[in-house]
Each structure stands twice: as C-alpha cells, then as structure tokens.
Amino acid sequence: MLLRHTPEEIKERKALTVNPAKMCQPIGAMYAALGIHGCMPHSHGSQGCCAYHRSTLTRHYKEPIMAATSSFTEGSSVFGGQANLVQAINNMFTIYNPDIIAVHTTCLSETIGDDVNQICQKARDDGKVPEGKHVIHCNTPSYVGSHITGYSNMLKGIIKYFSKSTGIKKDQMNIISGWVEPSDMKEIKKIAKEMGIKIVLFPDTSDILDAPQTGVHAFYPKGGTTIPELISTGDSKFSLALGEFATDAPAKDLNSKCKVKFKTIDLPIGLSATDRFIVALSNAADVDVPECITEERGRLVDIITDMQQYFYNKRVALFGDPDQLIPLTELLVDLDMKPVYILSGTSGKVFVRRIKEILAESVPNAKVKNGANADLFLLHQWIKNDPVDLIIGNTYGKYIARDEDIPFLRMGFPILDRVGHSYFPTVGYAGAMRVLEKILNLLMDRQDRDSSEESFELVM
Amino acid sequence: MENIKKEVLPDGEMVMEDILAKYPPKVAKKRSKSIVPNDSSREQSIQSNVRTVPGIITQRGCCYAGCKGVVLGPTRDIINLTHGPIGCGFFSWLTRRNQTRPGPEGDNYMPYCFSTDMQDDNIVFGGEKKLKEAIQEAYDIFHPKAIGIFATCPVGLIGDDIHAVAREMKEKLGINIFGFSCEGYKGVSQSAGHHIANNQIFKHVVGLDDKRKKGKFLINLLGEYNIGGDAFLIEDLFERCGLTLISTFSGNSSIEQFANCHTADLNLVMCHRSINYVADMLEKKFGIPWMKINFIGANASAVSLRQIGKYFNDKELSRRIEKVIAEEMPAVEEARKEVMPHTKGKLAMIFVGGSRAHHYQGLFAEIGMSTIAAGYEFAHKDDYEGRKVLPDLKVDADSRNIEELVVEKDPERYKPRKSQEELNKLKKAGVRMKEYDGMMPDMVKNSFVIDDISQHETEMLIAKYKPAVFCAGIKEKYTVQKRGVPMKQLHSYDYGGPFAVFKGAVNFYREMDRTINSKVWGLIKPPWDSSPEITATFGSE
Chain A
25 MLLRHTPEEI KERKALTVNP AKMCQPIGAM YAALGIHGCM PHSHGSQGCC AYHRSTLTRH
85 YKEPIMAATS SFTEGSSVFG GQANLVQAIN NMFTIYNPDI IAVHTTCLSE TIGDDVNQIC
145 QKARDDGKVP EGKHVIHCNT PSYVGSHITG YSNMLKGIIK YFSKSTGIKK DQMNIISGWV
205 EPSDMKEIKK IAKEMGIKIV LFPDTSDILD APQTGVHAFY PKGGTTIPEL ISTGDSKFSL
265 ALGEFATDAP AKDLNSKCKV KFKTIDLPIG LSATDRFIVA LSNAADVDVP ECITEERGRL
325 VDIITDMQQY FYNKRVALFG DPDQLIPLTE LLVDLDMKPV YILSGTSGKV FVRRIKEILA
385 ESVPNAKVKN GANADLFLLH QWIKNDPVDL IIGNTYGKYI ARDEDIPFLR MGFPILDRVG
445 HSYFPTVGYA GAMRVLEKIL NLLMDRQDRD SSEESFELVM
Chain B
4 MENIKKEVLP DGEMVMEDIL AKYPPKVAKK RSKSIVPNDS SREQSIQSNV RTVPGIITQR
64 GCCYAGCKGV VLGPTRDIIN LTHGPIGCGF FSWLTRRNQT RPGPEGDNYM PYCFSTDMQD
124 DNIVFGGEKK LKEAIQEAYD IFHPKAIGIF ATCPVGLIGD DIHAVAREMK EKLGINIFGF
184 SCEGYKGVSQ SAGHHIANNQ IFKHVVGLDD KRKKGKFLIN LLGEYNIGGD AFLIEDLFER
244 CGLTLISTFS GNSSIEQFAN CHTADLNLVM CHRSINYVAD MLEKKFGIPW MKINFIGANA
304 SAVSLRQIGK YFNDKELSRR IEKVIAEEMP AVEEARKEVM PHTKGKLAMI FVGGSRAHHY
364 QGLFAEIGMS TIAAGYEFAH KDDYEGRKVL PDLKVDADSR NIEELVVEKD PERYKPRKSQ
424 EELNKLKKAG VRMKEYDGMM PDMVKNSFVI DDISQHETEM LIAKYKPAVF CAGIKEKYTV
484 QKRGVPMKQL HSYDYGGPFA VFKGAVNFYR EMDRTINSKV WGLIKPPWDS SPEITATFGS
544 E
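Chains as they are written, first to last, in my numbering: chain A, 25 to 484; chain B, 4 to 544.
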C-alpha cells in the first residue's frame, strides 16, 4: 500500500494539512500571464517559487514555460527587493525582449512588504521599460487563497493596466476564462465563431501551451490575447465570466472601471453548463444558436442515451478546483451518477452552497468540503469508510485509486503522468463527449477485468 | 575523447563573445566569469556558488528545495512537515522520483505531503502555535518515530522559532523532532539547503545507535538518491561483492540507518556537492575515511569497486569484486556494440546538479559520445576545479550565514579506521582518499564549462554546436526539444532508468540510442515545406 498510514478513523484536524488539494497563488498568476501574447511572467520572490511553478506547469503542459525570478537572497529579504526587481526588469527586456512583463508577488515579498506597484513605477521612471513595452503586476500572497485566487488576481492586474474605455462600444464581447486547458480555450473560441460572435478571450493559452513542433522554439508563440485586444476589452458590450472563483472578481473590476456589463456563469463543462453558456452567448450577442451547435448537442444527448445504463447510480469522488467541480458534479447528476464526495482545497462559501443545490434531490447526503484541511487525506478516509466506483481529480489521486483499486479519471491540474489533456477539450458539447467516453472506458475496462469467465461479454 | 577532431570545436573565446553580446554590460561582466572555454593544460578558474542575476532565466531552485529534497526527502520513516504556505509542500511532493522499499510492514511517509498551510493570520500573529498543533495532530494520527520541520521563506521573516518548537514537542511526545532553518532565500541555490540538511541530520540523528551490524566490510554510500532505482542496483552489487551497506544518504533510506552510520569503516561519496559535509564530519568525529567514487558508467563503476577492494585490502573481497565485474561486463559490451554505430562521434551537453554533469561524461564516452559543454546548477568551485582549491575559497555574504558545524573527535567513539601509515600506503597504491579533482580536468580543450547556465546561454550553445543530445532538467526540456534537439532529463531520467552501475549503463546506452535516433526527429518538416533541413542530422558527421 502506498498510503499505508491513512486510517479509516477520521480525527478532526485544525492545523495539519496532509496531501493538499490546492496550490499557492503565484502559480495561478503565472499561468494566467502565459495567456497573454508576448508576455513573460516574473516571480518576485526566492528562486524556488519560480522553479517550482515552472516545473509544475512544464510537467503538466509539456511545453516551455518561460518565466523569471527576482532571485531574492537573505540580503534582499532584509533590505527589500526593489534593487532585484528593477534589475530584473532591465535584464528581461534586454535579453528576452517581451512586450509585457507580468510581475506577481510571493509570500516572501508580501511578508516583507515590498510595494511592487511603486517598484514597477520606479523601473519606468528610471527608463528600464522601453517605449511601447509594459510592466504590469498583481499581489499574490501565498498565504491567502489558492492558485485560483492567484489566477484571478493576475486577471485583475491585466484589466487594471490595459482595459480602456473610449466611450464608443465595439461590436464584441469579452469572455473571461477560468483555469482550463489551452484546448478548452480553443474550443470556446470555436463555439463563439460558430455562433458568429466576435469575442476577446482572455487569458488565452491556446497556441502558446499547445504550440506545434516546428524545429524552432518561439520564445513568444503566436497565441495569447494581444495588447490591442486587452485594451479593447473596456469597449466591449458585455463580459461573460466563466467560473465564479477565477473570473467573477475580474469581471466586476472591468465593469467598475469601464462599465462593461457582465454575467458570471459556470465553466461550460458538461451538458447543462454548456447549455447555459450557449444561451448566455446567444442572449448577450442577440444571435440565434446555429444548427451545427444544436446538432452537436444532439449528438452528446445521443451518446448519453447510449451510455446511461452503465453510469446509473455509480458513486463518484471528485476533487480539484471549484470552477471545474461545480459543473462536473452537475454533469455526473445529468448522467444519473452519484457524486458522493466533492472536495476542494480552495475556500469560498459559494462552493458548498452550489454543490448542495445541485445534489439536493439526487445525493442529499453527499460529503462536500472545501478550504482549510479539505485535503486528499480526508477524501481518502471518506472513501475508505464507504467506497466509490470512480475517482476524478488531478494526478495525485492515483495513489488513492491504486490503494483502493478504484478507476481513476485524470481531470484538473496538475496532470503529471499523462500526455494529451492539453490537446483535447473537456468544455463544450464536444468536450463533454470526451469526458463521457473516458468515464465509460474506465468503467467498462473495470467490468471486463473483474467479470468471471462465464460472464465476460463480447457485446456490451 | 580523442574522437573529437579539433576543428569540430570552434574557438571558445569567440563563441563566448557571441554569448555575452546580448547581455547588459554589468551582466556580461558577471557571467563572463562563470563561462570558461576549457583548457586543462593551464590554470583555470570558474566563478560558481554566487548569486544568480535577477531576471535571468535560471535552472536554480531554493534552499528549501535543496534541504527537503536531499537527505530526508528520500527517507521513508520520518514525517517531513513543511512549515509555510501550501505551495512549498505541494511542489516538493513526490516530484523527485526517489524510490524506496519499505517492505510490507515498514513505515513509508514518502507518498504523503505534510504542511501547516500557513494563512495570513499566522503570518501576522506568528505560526508557532499552529506548528505545535500540527505536530501534535501528526503524532496523534501517525505515531511516527521522527518528525522533521522545514522552514519556508515567511517563517524566518516573522521570526517563528522552529527549533524551540521542536525541542518542546520532542520533550512532550518523546520522539525525535528537529527543525531545518532552510528558508528559500538563504544561500544562492539549493546548495545551501544541502548543507543545512547535512548539519541537522548529523546533529540530531547520526550516532544515536552504536550497535555494529554483522559483516566484514561496512560501508556508507553518501550522495546517492535512488532516482529511478539507481541505489537498488548499487545495493545488489554491494551484496554480491560481500560489502555490507549500513546507510545511504539518501536513497531507499531510513532514519534508523542514519542513526547507525557511524559504525561503518568507509564512506563512499557519490554526489560530492550535496553530501561532502557529512563525509567530513563523520571522519572528524568518528575517524571514518571517505573516498570519492562514481557508479555512473560501467568503467567508472569497475574502477570504484576496485578502489573499495584496495581500501579494505582483502584478497577474498577483491576476488569477489573481480568476479562481479566479470559477470556484469559481457552484457555491457554487447549493448555497447549494439548502439555504438548509432552514437559514435556525437556530441552531448550536460547541465545538471552538483556531480551528475561530471559523472555522465564517462557514460557518454563509453558509447563514443563527447561532452563538449557541461556545468552545474548549484555546485561550488571545488566541484569544478577539485578540492585543491578549498583552502583558498573565500566565504561570501551569502554563504556566511549557513552554519558550519564545529565537529570534534568523539571522546569515546573516535577510532581512525586507518593509521596514517596505512593511508600513505593506500595513496602509493593509487587509492585516493578524501580527494576529488572536479569536472574541468576531464574535459577537452575548447569545450565549455558554464556554471548556473541561463536560458539564453542554453539557446546559444545549441545554435552554435547543434549537439545530438542536451541534458538538463524539466524546465529546460521543451525549450530544447522545440528546437528539434533531443533532450534527456538527468534529474528525473525522463521517468526511465535506472542508469547506475553496469545494468544501468546498458539501460542508458539503449536510452541514448532511442533518444537521439527516434524517428520523430525526422518527421518535423512537412513534405510541402521546401526550407532547408534543420534537424535530425546534428553532430553526426
């Protein structure tokens, strides 16, 4: 047994986290900044933060993650990191020539109280920021919130620096995306295109973190939201924010800064959430839903019809980020499955309320927990006490899955042990079909493996 | 190395000028001291273990990473508790591939991540209370025999005294609890963390158990982390030779082994950088000599085993060592012959670690490949130039704050394993105790030695030399491969391996054949693209 010390008996913990289901803010800020064209994230802290975040993002996306660090030493921790950051900005523009440097803080620079806004201004005043180039920043103390908070904070920083209102509205809408794969961002753009809606999607890591192999390393791949697009978000008619935890606050900021009305909905994962996404798009842009999307939806429902008998009443444990878990739980309910344990390390009261609403009729006794001490150790204990048929979550779930011999679907971040997740979407109707196929394969492989010889079936 | 023709390597000084041209003058000046076109026929000096320039994309991590990753990270029967916000614990959770064999009943906390998950109120009001509670909760649930506490950046800044907490809780719970002040900002790289880890394990664990194990030849293996199962292969070899392994710092290791390690009669140092402190302290306090060995590469492994044989000066041991080498070599030769036609004459670059960038050069040489650029991520001058530079090393502001333990002879337990006379005799017989010449003397003229290589320098080297393979870590992996150049991770082995000793060498030969000659490198160019071929034939003249 790999997790041999995990007892069935659950003791309350207040101080000890074991096997966390969240990361810290800066990695989220780094990922969000990578979705801006020509942008280089910068970690204002010790080298280790940047090294850890780059390593984790690289292992998940299997792509170059270019980011720099202020390389704090003991001296800079005592005297402040201004000299380090100003020098870093100068070096990055000189050597790596980004259009934008996106600075985020760390627990170190926050604890010593570095005023990053002032330091960035000093870099500008000192002429360290070339004409037409930008330094933006956000505060991401690692001891507040989670990686999702950091992602959200970087989006707020982007809006603060770039979004401008000229007073003349453009015939376009913003889609502010929560933390999803580059393939998902591509799918969102595809759907908008099919509906004939001009959008600015931000951030947009497609064509950056799924860049093709060409024999040439593009330091700044062609994808990402461009500066003119970001500026124009202030003139958009409407913002659709996908995922309340990651994008509601940025959408609010954009509304108060540039009077861009917004609606926050779930990430379009699964049938119902995609339905709401399509309706929201259709309403906001005042366009009809095209036939091709209706057909795609029909195909998804057809597949559910075909698969439903295998899903019925299967018990599922899920962990990950709230914005994914909420629509995913809803999808499982749509499939007649029973999401019995839902857990996230990211705090926020909305999470439990939303999940409870979704499960009110189908699984009223589901265990739902998020925030402090909501960790994989607890999830494992729940499973030990009353097992499930399927676990869904990031790669760390495989230890529980192996010990308890339970089929395991990798979804979320980070996925460190497989290739492909960043290339195929899980959002939209097409994404839902893929999720369904994966779940079904896991359940059927299990049935094939476990069935006796006489009940082993050719046709299923 | 004789198979590189001189004209293959352009003049190093000129290449260096090109590399530095893009840097602002101050950065260029600083970096120029860390980039050396190698010429071992003359006095050479490389700047290392100095601060990375802010804004330069570096391979380096932090003190915490070095401290938690080394010594206790790969040790299974201790709870390693990170005191800090959640990230540090999360990102160091199971990511280093240190394998371990706890047996069916043994303790194994390595698949777990323990953290105090500090929140803003802990930063404002102090985190000691939460740390104590976390230790108590860990004890109540797991009943471990030991708990290590690892400090992250904010801990030192807000002044939490983890050592006082450790003492108090050790007293209260009656198990071994100790702390590591390895805040990320200390030192200039992971290296400071290695030193801190060495110190604390020596202070709090080494020497706690005096029981001498059975066996004629008792040894410790220092600086072997069992990535991908390397240590398992080495253990097997030792057993077949009749050597008794007391402890490995740290791979497939346990706290109990460390407590007992001072009973050994010889220390073998694999990774010089990360663990030489423990080797030195074991010698000073207990009289155990150490020798630098290298179990990467079949030739180096055979040489290392024979040195061990000479040290113990026992005919039967030497006979068994020769027998084992003879048993292992046919498979090695067979694999070598098989891959040689595909690898001979090709160029490699290696930028990792504290010793690997040196060790792997021999392994490459065995399949006819030359290492034309190499460097370390967190090494010191002695790892490049040899221990002869140690007396003249200046301690700078960043190293001064890392504790240097004052170790004295143990009044009862100090027992020199060899007399001075015996040591002199060994030296005459070619057994080199406490010596290491470093990487640079082993490298060919005009090859490049670069400390703490940056992203920009990596790109320039690749563009200039078009190596057949570039070795580094995960952060460098895809920037290299996007250029159509095969990349091999030498931290994680790309999840393959083991690569140590003889069986590992066979794995590595075949792995290199696969890496360099995979069909994919010929598929990059679409048939409709008429631009000249830029991939697939690198270095294969």
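Among the hints, erroneous ones may be present.
[To be verified] Below 30 Å or equal to it, Euclidean Cα-Cα: the simulated DSSO-like pairs (lysine-lysine) are:
1) LYS157/A - LYS25/B
2) LYS148/B - LYS157/A
3) LYS25/B - LYS35/A
4) LYS146/A - LYS25/B
5) LYS373/A - LYS421/B
6) LYS193/A - LYS146/A
7) LYS38/A - LYS148/B
8) LYS428/B - LYS318/B
9) LYS281/A - LYS338/A
[To be verified] Listing some non-contacts, in silico: residues in chain B with all C-beta distances to chain A over 10 Å:
10) ASP42
11) PHE93
12) ASP120
13) ASP143
14) LYS189
15) SER192
16) GLU242
17) THR266
18) ASN316
19) ASP317
20) LYS318
21) LYS418
22) SER422
23) LYS480
24) ARG486
25) GLY499
In short, the hints are calculated from the structure, not lab data.
Glycine is no exception: its CB is placed at the ideal position from the N, C-alpha and C atoms.
Which numbered hints does this structure break? 2, 3, 5, 6, 9, 11, 12, 13, 14, 15, 23, 24
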